[in-house]
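Student: First to last, the protein sequences are chains G and Z.
The working numbering applies: residue 1 is where the first sequence begins, and numbers increase by one.
The working numbering applies: residue 1 is where the second sequence begins, and numbers increase by one.
Source of the hints: derived by calculation from the structure; they are not laboratory data.
Okay, derived cross-link-like pairs now, PhoX-like style, lysine-lysine, Cα gap no bigger than 20 Å in a straight line:
#, chain 1, residue 1, chain 2, residue 2
1, Z, Lys233, Z, Lys244
2, G, Lys278, G, Lys337
3, Z, Lys201, Z, Lys103
4, Z, Lys47, G, Lys44
5, Z, Lys31, G, Lys17
6, G, Lys107, G, Lys231
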Amino acid sequence: MDFGLTEEQTMVQEMAKSFAEQEIAPYVEEDEENHYYRREILTKMGELGLLGWSIPEEYGGNGMGWLEGVTALYEIAKVHTSWRLSISGNCWGPALTINQWGTEEQKQKFIPDLVSGKAVGSFAMTEANTGSDVGSMKTFAADKGDHFVMNGSKMWISGGHASDTGLVYAVTKEGGGPKGLSCFIVDYNNTPGVEKIPITKKVGMWTAPTSELVFENAVIPKENLLGELNKGFQICMWMLNNTRMGCATGAAALSAACLEGSVNYANERTQFGQQIGKFQMIQQQIAEMKMEDEAAKQLVYRAAWLKENKMPSQQETSLAKLFACNAAVHAANVAMKIYGSYGYSTEYPCGRWLRDAKQFETLEGTSNIHMGIIAGIELGYQPNR
Amino acid sequence: MNIVVCVKQTFDTEAKIVLDGSGNIDGSAVKLVINPYDEYAIEEALKLKEKFGGDVTLVSMGGERAPEALKTGFAMGADRGVLVTDPALEDPDEWACAEVLAKAISQIPYDIILTGRVAIDDGSGQVAVRMADALGVPSVSCIVELSVEDGKAVARREIDGGTELVEVCLPAVLTAQKGLNIPRLPSMAGIMKAKNKELKKLSLADVGIDASGFSRKMSVPKLSLPNPRKGGKTVPGEPAEAAKELARLLREEAKAI
Ligand SMILES: Cc1cc2nc3c(=O)[nH]c(=O)nc-3n(C[C@H](O)[C@H](O)[C@H](O)COP(=O)(O)OP(=O)(O)OC[C@H]3O[C@@H](n4cnc5c(N)ncnc54)[C@H](O)[C@@H]3O)c2cc1C
Numbered sequence: 001m002d003f004g005l006t007e008e009q010t011m012v013q014e015m016a017k018s019f020a021e022q023e024i025a026p027y028v029e030e031d032e033e034n035h036y037y038r039r040e041i042l043t044k045m046g047e048l049g050l051l052g053w054s055i056p057e058e059y060g061g062n063g064m065g066w067l068e069g070v071t072a073l074y075e076i077a078k079v080h081t082s083w084r085l086s087i088s089g090n091c092w093g094p095a096l097t098i099n100q101w102g103t104e105e106q107k108q109k110f111i112p113d114l115v116s117g118k119a120v121g122s123f124a125m126t127e128a129n130t131g132s133d134v135g136s137m138k139t140f141a142a143d144k145g146d147h148f149v150m151n152g153s154k155m156w157i158s159g160g161h162a163s164d165t166g167l168v169y170a171v172t173k174e175g176g177g178p179k180g181l182s183c184f185i186v187d188y189n190n191t192p193g194v195e196k197i198p199i200t201k202k203v204g205m206w207t208a209p210t211s212e213l214v215f216e217n218a219v220i221p222k223e224n225l226l227g228e229l230n231k232g233f234q235i236c237m238w239m240l241n242n243t244r245m246g247c248a249t250g251a252a253a254l255s256a257a258c259l260e261g262s263v264n265y266a267n268e269r270t271q272f273g274q275q276i277g278k279f280q281m282i283q284q285q286i287a288e289m290k291m292e293d294e295a296a297k298q299l300v301y302r303a304a305w306l307k308e309n310k311m312p313s314q315q316e317t318s319l320a321k322l323f324a325c326n327a328a329v330h331a332a333n334v335a336m337k338i339y340g341s342y343g344y345s346t347e348y349p350c351g352r353w354l355r356d357a358k359q360f361e362t363l364e365g366t367s368n369i370h371m372g373i374i375a376g377i378e379l380g381y382q383p384n385r
Numbered sequence: 001m002n003i004v005v006c007v008k009q010t011f012d013t014e015a016k017i018v019l020d021g022s023g024n025i026d027g028s029a030v031k032l033v034i035n036p037y038d039e040y041a042i043e044e045a046l047k048l049k050e051k052f053g054g055d056v057t058l059v060s061m062g063g064e065r066a067p068e069a070l071k072t073g074f075a076m077g078a079d080r081g082v083l084v085t086d087p088a089l090e091d092p093d094e095w096a097c098a099e100v101l102a103k104a105i106s107q108i109p110y111d112i113i114l115t116g117r118v119a120i121d122d123g124s125g126q127v128a129v130r131m132a133d134a135l136g137v138p139s140v141s142c143i144v145e146l147s148v149e150d151g152k153a154v155a156r157r158e159i160d161g162g163t164e165l166v167e168v169c170l171p172a173v174l175t176a177q178k179g180l181n182i183p184r185l186p187s188m189a190g191i192m193k194a195k196n197k198e199l200k201k202l203s204l205a206d207v208g209i210d211a212s213g214f215s216r217k218m219s220v221p222k223l224s225l226p227n228p229r230k231g232g233k234t235v236p237g238e239p240a241e242a243a244k245e246l247a248r249l250l251r252e253e254a255k256a257i
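The whole structure should be built from the sequences, with the hints applied where relevant.
Tutor: Structure below.
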């Protein structure tokens with residue numbers, strides 16, 4: 001057993017940390033204030049190979065896998081949670097899923113632009129009346145022989161209005177439930193009949209675009225069906241087991257950011273003639289944050305290790321996602337208390353941490369859903385995939 | 001174009017320096033990095049390579065952990081490395097470094113030699129200039145701009161209160177100042193390639209130096225940490241009065257004005 005990073009993983013970690021400090025940190029405040037998505041950051045991530053994890057090199061992959069990907073995402077998310085989304089949105093979502101289920105033509109056509117950052121990626125299941133119950137979606141893709149015609153709308157799609165290429169899950173067999181879904185690759189720049197509507201009133205994740213996508217007689221070429229017809233649910237669950245690592249890692253990183261900020265603050269701020277870190281009650285808060293932070297990180301790495309070694313990882317991914325999400329929400333909450341009145345000021349990061357932490361309780365499986373997966377596997381109701 | 005970059009592994013700029021029981025710097029737990037000024041030199045070398053083709057060879061001296069620094073340079077895009085490592089080089093002074101680097105470099109073809117203007121650990125800023133002298137080539141220190149053409153380098157260097165434009169025949173040694181460029185981050189592809197690049201380890205004997213008679217010329221009798229910073233002082237009272245008192249304190253107590 002080895003808990004250390006390899007020499008290469010250490011280089012990835014240092015590089016990602018420098019990248020986040022040089023290319024993301026200088027814009028955090030400005031972009032948060034303006035709710036601005038700085039597209040160039042994605043381009044730079046692509047150029048440096050930060051979007052190519054577990055993707056074969058022939059399609060532009062970086063030759064590295066899950067442990068390195070998680071290491072890089074962690075450093076980026078620690079500086080700004082919004083930017084964790086791009087690794088899932090481009091790589092672990094569409095690129096990796098196309099690599100797993102796609103034809104050779106689909107791989108050659110779509111993966112290189114996603115991993116080089118030329119395209120903004122996305123994946124879309126959720127609808128206004130379909131969240132946790134993915135099988136209940138209504139967006140319909142009618143088979144017209146050599147193409148499909150898609151009608152319906154998707155909600156809460158990360159990357160949505162900026163997206164060039166995305167996966168869209170839709171019904172292809174009416175009344176089929178989970179067994180009637182298919183997965184489509186949508187080339188948004190060449191698909192008339194799609195309207196992208198930004199969702200502007202979000203509690204957090206202000207620099208990451210989130211959108212509604214409306215499909216009105218959108219023509220999807222037959223060759224853009226990913227995998228087999230009516231096998232979309234299976235593909236979706238496979239994909240979510242990967243993209244959820246983005247949440248788990250991002251949440252663990254956010255908890256680390258809150259802890260680091262709190263420690264620095266507790267060492268600087270003095271009250272009653274001493275550093276506030278000397279107060280036992282602050283120490284308890286720091287100890288709890290540290291304990292949860294460390295455990296979250298270990299769970300994330302354990303799930304990544306299982307994936308890298310192609311072992312079942314669904315339960316461990318849910319453990320990592322749920323635990324890290326709880327750690328992040330708790331840490332952000334405590335950080336705001338430790339920072340006192342400054343924590344409540346928007347000139348300090350505590351508000352952003354708390355707003356951004358809350359996303360993790362909902363997206364890519366709510367906390368209840370992950371609780372269900374963990375227990376269902378533990379009780380033997382379903383296998384660990 | 002054969003480009004050589006001298007690289008030193010130094011403490012991280014944020015490292016906390018502590019002395020061990022016998023008064024030496026304890027570097028065991030310290031994070032090590034490429035001397036930041038050497039990174040500017042590597043970046044400039046890579047830009048020259050992009051323009052003229054050729055190879056970038058990193059040359060370094062150091063112990064067990066030194067290959068880490070070279071690998072970071074490889075990941076940025078340098079082609080190969082030479083590391084002089086020898087028990088007799090435990091604690092070299094500037095003279096020793098200049099001698100050894102010059103000997104190591106004289107074994108490889110070079111058109112231009114770049115390095116940082118100073119290493120941030122000992123801060124002496126002597127090695128590059130003395131190495132140039134040992135190699136019998138000119139040197140230009142502290143450059144913030146460089147262009148190379150027809151066997152000549154034109155460099156802008158920082159001088160007190162301004163800059164100076166210097167033209168020099170190649171080969172020459174040029175030392176990089178902050179502002180010369182922004183060093184690139186290694187890409188993932190660069191990191192993947194780094195492990196396959198050639199790192200040649202040489203002993204003193206390999207570079208033609210007899211280790212038995214080789215010792216530093218300068219000794220350091222004692223190292224001491226700077227005095228810990230004292231807390232600030234508030235000068236109370238009405239602004240005008242307080243300012244007067246502050247000026248008095250600065251003059252008489254702090255002797256700052
Ligand atoms: C910022 C953001 C980005 C997003 N990005 C994307 C994206 O890129 N693509 C995409 O497709 N979707 C995206 N989503 C949507 C997200 O995946 C859904 O919000 C999530 O699946 C939950 O669905 P819902 O919001 O409809 O909640 P619901 O499913 O309506 O749940 C409401 C409540 O009921 C509980 N609940 C539901 N079912 C059960 C059950 N079986 N047992 C116990 N409790 C249950 C839930 O835990 C929750 O507390 C995003 C959401 C947000 C906020």
